[in-house]
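Visitor: Respectively, the protein sequence lines represent chains E and V.
All the letters of the first sequence, read from the start, carry residue numbers 1 to 294 under the UniProt record's numbering.
All the letters of the second sequence, read from the start, carry residue numbers 1 to 294 under the UniProt record's numbering.
Calculated directly from the structure, the hints in this document are not laboratory data.
Just to be clear, a hint being listed does not mean it is correct.
You can't tell identical chains apart in this list, so a pair holds if it fits in one copy or across any two.
No farther apart than 25 Å at their CA atoms in a straight line, the calculated lysine to any residue pairs in the SDA-like style are these [claimed, not checked]:
1. K34 / P230
2. K34 / E172
3. K34 / T171
4. K259 / E205
5. K146 / E3
6. K201 / I168
7. K250 / E167
8. K46 / F106
9. K260 / Q65
10. K12 / Q136
11. K250 / A271
12. K146 / L68
13. K146 / P130
14. K42 / A162
15. K245 / R32
16. K142 / D129
17. K208 / E11
18. K34 / E13
19. K146 / E135
20. K142 / P88
There are 2 protein chains.
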Amino acid sequence: MEENLSAFLTEKEKIISDELVQKVKSLSIPSRLKDSMLYSIKAGGKRLRPLLMIASCESFHGTYQQVLSVSLALEMVHTYSLIHDDLPAMDDDHYRRGQPTNHRVFDEATAILAGDALLTYSFEAITDDPQLTNEQKVYIIKRLAKASGPKGMVAGQSLDMAAENREITLTELEEIHDLKTGELLTFALEIGAYIGGASIKQIAEIRKYAYYVGLIFQVQDDILDVSGDPEKIGKPIGSDESNMKSTYPKLLGLDGAIKKKEEYVDLAEAALIKADVKTNILKDFVQYLSLRDA
Amino acid sequence: MEENLSAFLTEKEKIISDELVQKVKSLSIPSRLKDSMLYSIKAGGKRLRPLLMIASCESFHGTYQQVLSVSLALEMVHTYSLIHDDLPAMDDDHYRRGQPTNHRVFDEATAILAGDALLTYSFEAITDDPQLTNEQKVYIIKRLAKASGPKGMVAGQSLDMAAENREITLTELEEIHDLKTGELLTFALEIGAYIGGASIKQIAEIRKYAYYVGLIFQVQDDILDVSGDPEKIGKPIGSDESNMKSTYPKLLGLDGAIKKKEEYVDLAEAALIKADVKTNILKDFVQYLSLRDA
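Please build the complete structure, drawing on both the sequences and the hints.
Guide: Below, the structure is given as structure tokens:
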């Protein structure tokens, strides 16, 4: 990994995680509800969405402080989606990132409510940000609700569940991924650019970049599932296969999936050149996501 | 019921229901998700929250058209809360308003997603309202998120679940009701007054009125559960008792509960006089809620 990116990730990941925990801890709410929210917030992960938002903001004329609150709201929405997706009625996952899932540590009712709470509070948090104008708040809330609601992430999860146990085409697969994970990644990058002072034309290029970043992320996820190190990825090899999930390697073969990913890397980098960014950080991010081993 | 209120309820309930169905129908989203959202939206009910918002707006200098979109967003949030509350992991209800609950007609995963979708879309709908300024939108979203999230309705549901199967005091009971249903009723009345042009002092009185209206609603619910007509209330008499729920009649006796309700009616009416409203509609609403048989 590029040294600059590595330093950026280490520094900003700590800020994001500390602030997130602080924000949820400071809420005056029932203790069991708070414990359940905090459990999943603390479970961590890569904080990819807030990091992309900050990187995008800094790629224009912005500072991380300008988007920090919005990036935390975004991570809350992402965390809510993981809690609900893991529920027995949904993907019925017992572990996430090596730790028992929320509903197994607490109970299903509490997990459902913790998800509902994180989603709802994320919108309140955006309205409370003293650095944003009302115009910016309304635009950001509109985009976040669209990206995460029935036209975005919720649609993706709904289609994903309907697609289990049946063969789907590459086009269908990519539509599901775009809705389920791509929309929030696009939100992250677009809003970072918007607050960072990018022009409308630059934002349009960043949206293209975001689209390919989402696909690169997913292709690599599927590749790791068949050829990764189970210790590093935190789940056994071939779990998609046994879950009857459609994946890139299944549809294109492992070599075909790797080739597809390289095409997307080229397309993401081309969009970035057109966006005329002032640092290399988003370019390094593409390499990092494409070559990650976990 | 007062003739004016009766005409108001009939006319506005139809507008609200028609517009709500239209709004959800027009979404370009996966069909199963949309069907599930529409099922609960169509299941209807009294549309009490939108009606109170409109009544409050018209009690000052506003028209129903000014708050219609926000009132629909509010009803979506209320509908999401019913879908999630009915889930097997929560209250495990098989019927609502005489019809099978959402997760029994569809499935649990779809019901969870339909709830998530309605909640998220409600915020997008507010940002789309062309009649509101950005300042109004931000204020309304902030209040809605607070009233429905972990400091409001979600806290109430969380405390309510923790209170099952144990004795609680009247103070605890009222705190739970205030969070679980009172917060959204207060949002309805407060935002109606705000958009209707009420002064800060008038809004403060409307908030007091709203607090008592919420309690009156709840006391009457509990009274109907022990002395209502099962055909009209749509559930057997004594179901709270068999669910081990704390209620007003249980804590105060039936006569004590009726007396308590009358105290609250007086307090609601006193707040209304101080709010200096220009019509009788909110006063008639108190009588209607206090004396309803369903």
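Visitor: Among all the numbered hints in the text so far, which are the ones the structure does not match?
Guide: 1, 5, 6, 9, 11, 17 and 20
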